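*Asks:* Can you build the whole structure from these sequences, using the hints too?
Listed below are the residues making up each chain.
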Amino acid sequence: MTRAQQRAAPAVLGMLVLGMWDAVVRIFGIPPYLLPGPVAIFGAFAADPFGLILALFSTLAVTFAALCVAAAIGALMALAMELSPLARAAIQPWAVVLQVTPIVAIAPLIIVLVGEPFPSLVACATIVAFFPVFANTVAGLASPSPELADLFRLYGAGRWRTLRLLLVPSALPYFLAGLRISGGLALVGAVVAEFVAGSGGFASGLAYRILEAGYRLEIPRMFAALVLLAVAGIAINAGLGAFGALVLRRHGDV
Amino acid sequence: MVEALHDVSLDIDRADFVALLGPSGCGKSSLLRLIAGLDRPDEGRLEWEAGRPPAPGEIGFVFQDPTLLPWASAEDNVFLPLRLRGIARGRAMPEVRAALGRVGLGGFEQARPRELSGGMRMRVSIARALVTRPALLLMDEPFAALDEFTRHRLQEDLLALWQSLDCTVVFVTHSIYEAAFLARRIVLMTPRPGRIAQEIASPLPPGPATRLDPAYAMLVAQLSRALQPLHAPP
Chain A
1 MTRAQQRAAP AVLGMLVLGM WDAVVRIFGI PPYLLPGPVA IFGAFAADPF
51 GLILALFSTL AVTFAALCVA AAIGALMALA MELSPLARAA IQPWAVVLQV
101 TPIVAIAPLI IVLVGEPFPS LVACATIVAF FPVFANTVAG LASPSPELAD
151 LFRLYGAGRW RTLRLLLVPS ALPYFLAGLR ISGGLALVGA VVAEFVAGSG
201 GFASGLAYRI LEAGYRLEIP RMFAALVLLA VAGIAINAGL GAFGALVLRR
251 HGDV
Chain B
255 MVEALHDVSL DIDRADFVAL LGPSGCGKSS LLRLIAGLDR PDEGRLEWEA
305 GRPPAPGEIG FVFQDPTLLP WASAEDNVFL PLRLRGIARG RAMPEVRAAL
355 GRVGLGGFEQ ARPRELSGGM RMRVSIARAL VTRPALLLMD EPFAALDEFT
405 RHRLQEDLLA LWQSLDCTVV FVTHSIYEAA FLARRIVLMT PRPGRIAQEI
455 ASPLPPGPAT RLDPAYAMLV AQLSRALQPL HAPP
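First to last, the sequence lines map onto chains A and B. Residues 1 to 254 (my numbering) make up the first sequence, in order. Residues 255 to 488 (my numbering) make up the second sequence, in order.
Derived by calculation from the structure, the hints in this document are not laboratory data. Quantities reported herein were computed from a predicted structural model and do not represent experimental measurements. We put the CB at the ideal spot given by N, CA and C, even for glycine. It is possible that some hints are incorrect.
To be verified - Looking from chain B toward chain A, a few residues come up when the C-beta cut is under 10 Å (computed): (1) Arg287; (2) Ala290; (3) Trp325.
*Replies:* The following block contains the structure:
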């Protein structure tokens, strides 16, 4: 397999599936309110591109803010757990509680409690995005071999130097891998929160467009919004992957 | 709780090269860690010629694995002990380069660990242990994971370093050949709990020619004989 083939493979598969999809819709005469064909979906997007793209940016703003907050809180809590056994004992169970909390169940509560739409959406998405970056950083901080820890002890390295020169650099690749997972989850969290907020009348974000299109039976437009969401997810994943590779290359750990 | 060492009494003279030799589980690594101050004895004590335990940097330690920082260059890895003592990079560099030169890695200053062979990584590890000019060098089976050719080269280079550096070496190994080739004094240990069974002084002149010396084969035979009754039943 050449590099060009590897690059082209997903696009070719995508075109193939789209072609078959279109053929199936046409041959069996499936009505667009049940399953629109790709041409109809593109038509719905082309009819109002800016409305959908603006909605996408609104969702991405929530996603990005939530990812930053989740990364900061996750990394800080992981550091606190590494530095203090008391903090470890105190934080660990609550981190799991956050992980298993179904965001759909508590999103209405958060939206009502916080009041302001943007911070409440960010809060919901943060809860969803928090765990991978947190758990990965915890694992990364624990990853140096006991011999390396012995070495630092042997040379009388204090806590601060051990943290700066051993623990943080060791945790960096783990943190970045966690960040990549959290990026996708932040998008999922943002959309779920927007669904809840959208049914409460808060009109912004792609999820609201999806809801709205559903109510109006504009199924092609709904699909167009879903496609945008998928593209955004791929872009976030690829972007965070490239960001991580760049940081690690500059750091010298490839 | 497992008793790792029992009733161990050992004198180590300045500039000596002592091998702790024994099967796995005989407490030789535990003894080394006690000397390094990485563990504390439940009973008994260590006494130092200076009347106080050594300060950080006065002991160099080489582990079985090179234990290098994977993201740091050879230079930065060797710089680490000096950095941990708060010495500025500019001031430390001549010493770092000299240490890398001594282990034969001049020109590899910028190489990352993954770009180096196993033997070269171990050389970086040795340079790191030597960069503080320690009075005592502790080595915990450092060559056990290397292939035989690399091991022989490193053993010969270590002997040359020891002769040029006026440094005391305590070398843990489970290889009779390695102990016989390297050490001036070989301490035989027995397992469960670890005890010192016997001490044997090497009659050999240190150097690469030793391997071909019939006296080397005699010493190996003597060590093998001494170790035979010490083997614990499986």
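*Asks:* The structure should be examined with respect to each hint, and the outcome stated for every one.
*Replies:* Against the structure, the hints:
Checking B:Arg287 against chain A by beta carbon gives a least distance of about 8 Å; that is within 10 Å, so the hint holds. Given the 10 Å rule on beta carbons, the hint for B:Ala290 holds: about 6 Å separates it from the nearest Cβ of chain A. For the restraint placing B:Trp325 at the interface with chain A, the shortest Cβ-Cβ distance is roughly 4 Å, inside the 10 Å limit, so the hint holds.
Every hint, counting from the list given before, is met by this structure.
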